[in-house]
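From first to last, the protein sequence lines are chains A and B.
Per our numbering, the very first residue in the first sequence carries number 16; after that it's consecutive.
Per our numbering, the very first residue in the second sequence carries number 450; after that it's consecutive.
Don't take every hint at face value.
Below 16 Å or equal to it, Euclidean Cα-Cα: the simulated EDC-like pairs (lysine to aspartate or glutamate) are [said to hold, decoys possible]:
| # | chain 1 | residue 1 | chain 2 | residue 2 |
| --- | --- | --- | --- | --- |
| 1 | A | 612 | B | 546 |
| 2 | A | 724 | B | 500 |
| 3 | A | 687 | A | 636 |
Keep in mind the hints are simulated off the structure, nothing from the lab.
In this text the structure is predicted, and so the values were computed from the model without any measurement.
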Amino acid sequence: MRKISIIFSLCVSTFCAANAQVAGVDGNIVDTTGIYKDRSDSLEAAVFVGKQAGNYLSRGKQIRTEVISSAGLHKMACCTLAESFENSASVTVGYSDAVTGARQIRLLGLSGVYTQMLDENRPAMRGFSSPFGLTYVPGQWLESIQIAKGATSVINGVESMTGQINLEHRKPTDEKPLFLNAAVMSDTKMDFNIASSLQMGPSWSTVILGHVSGNVRSFDHNGDGFMDAPEQLQFNLSNRWLYFADSGVQVRFGFRALQDMRKGGQEGYDHETFSIENPDVPGTDPWGSDITSRQVNGYVKVGIPVEEDNSQNIAFVADYTFQDMDSYFGATSYLGEQHSLFANLMYQNDINESHKFTVGVGGVFDRYDEALSRTLWLAGPALSDSDALTELWNVGVFGEYTFHAGEKFTSIIGLREDLYAGEGFRFSPRVTLKYSPVEEIVIRANAGRGLRFALPLADNIGVFSTGKAFRGDYMSHTLEDAWTFGGNITYYFPFGSSSDTYLSFDYFRTMFTRQTYVDYERGANAIWFYDIAGNRSYTDNYQLDFSIEPVERFTVSLTCRYTNAKVELPGKGLVERPMTSNFKGVLNLQYATNLNKWIFDFTASLNGSCRVYDFMLEETDDEGNLLYRNGRTPVYPLLYAQVTRRFKGVDVYIGGENLTGFRQKNVILGTKGADGLVNPRTASFDASAVWGPIMGVKIYAGVRFTLWKKS
Amino acid sequence: MALAFAGEPASARISASQDAACLQKKPAKDLKEVVFSVNMHCEKCVAKITENISFEKGVKGLEVSLDKHTVWIRYDASRTSEQKLKAALEKLGYTVEKV
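Work the whole structure out from these sequences, hints included.
Put into structure tokens, the structure is as follows:
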């Protein structure tokens, strides 16, 4: 009996783990810190082996949420979080520049900084970790990813403007004492992961996560004198604990430490000896980037049931991050230190089946120490120094009321009032509605306000991979302010091999009233940073998702997104936001043989064009033809394929990325020297105008080993 | 007993008796089904059972129902048995009874 109770408690706590829920002694689960609690769909149907739902729309969630499951995370190499989104049209992943390897996502057509990243419902990847944060999360550490579009819950703050992406890691309660993964790519990148979940009796469990990745060498396949990808080495370690008491009290705590080093640009760059003046012999003093980041994170979550049936509970969450970033780009150095603290205290009460509310206090404190020294070649060497110690914080009260009218209708009203450093009080309302008139139809709508302090240089790390002068408010921290509203309708068809055949349509609009805009077009060889201050800045997004399992174990999903992103610029009026792709279509096919012993994945995407910067209009290829005839980039396809062979406890996979080999031409822009290569010491140098793949075909192979806990 | 001789083409190495055996139809698999009641509690249990029982010798089909707490297995009786499958589930830490 005791054994059964141990298994039960572990299972319940695992099930709860996704949202730091508090489970009562009767197993009743109450979400205290989640985005919104999902309906327990999993309890409604048998699980047929053979179903490998990778990306799917959650049927039960009140807010439109795309889930990338464990199966979805295994569809591709997914060495890092960035690669996990390749199957998704909602999220577009690109490079910030052609030098640093920094990846950036776009959700609803806007930069990833407007999407709140959550690590098991704690804000993550903020400040200096935002440029490289997507590469700081090993894909093999993750259990699932939830992408929620629009104005989400107010509980974790209102920094989410376009949505939230929540990362669920492997759990302490997983009955997997050992997981190992090794993968190697044709560009010599190697990736090693280890995870160990251990249970020490009924109350204590822990998971240890380790990661090492790097590349042996780098290449310059396009012959532009710059490495296609930086030389890189990353160490990443995390340890997470769960204490689950008989009384129902849960305590979760953990830490994480990482170090990431990357050297990009021209091979042989040394920031200590680099001079902005042209060397006597070309190529003897290479330009490059050299970035070292260190991060330490610690957190604690405590959930205490107030009532025995857990209808009332109290939860406390605290999270601290220290980030140190030393970055050098040619003769520029950008050194930063960040201390961030997030804290939340909340009380939740399930009054009855129809009414529930959560109230709490919480806030964020960020201390940024930035030192910028930028030397450029204008009429001669020109040095500008900027040092700043900035404390940005907000603290406030919030409340969220949920009303359920049976299974048909749910409304959530969230209100938050925060005091922002130097800005005064801001009121942020958010509302979410879900209506399901019949079982086959789900209609959702939401709207709300988002607020965040801009960190102009870190938010736009690509600006350092240029020879351009910075102008305007690049060291100030505007409180960006936006409203997002939209909705979604999903129709579930009665055909297909599973009950998950659906067609879904979304529309979302984000409108800024204040936004730090980074303008590459305002002046020659300069990048302007300024607040749009009332000028129009908005994006409209339309998306169609279709998913079907026509025959058992064969799934087809098709997603198409169209984005209309506009911004009103001084002297130009309302224009299309540059370097923002206007559409993306993704087709994913997956076939698994009986009992999933072989799995075949194929993904094709068609990536729409974007308006290029004015200074790119005259760019020509080697034959002298204009590269951007209509001022737009070409539409291009990407293909991915993977085959997985599964044995008991062992998966072996081989795959390929960008199988069409499409690459952006002329990634490095600027005045060319006598050697025919772009001279990075000139003011026109720009390696940040990236809209397409930099690398061609990549082949990879890997193996995953899982040891399951036995009785 | 087939005899192979060096230098002989591979196709010639198959003896007449083997040839006849090859032409014979493979005997139909002795497929049986069994349903076990298992004290699983959550999705994690479903995953654990799925990931392990799928690869047990002789298993040809598997369906795990969380709401009914049952595991349905189709198996090749010439390669495994109810007892072995029950033992495999018990080895994962569950209490198992045939329904």
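A quick look at each hint next to the structure:
no., hint, result
1, A:612 <-> B:546, "violated, 27 Å"
2, A:724 <-> B:500, "holds, 12 Å"
3, A:687 <-> A:636, "holds, 13 Å"
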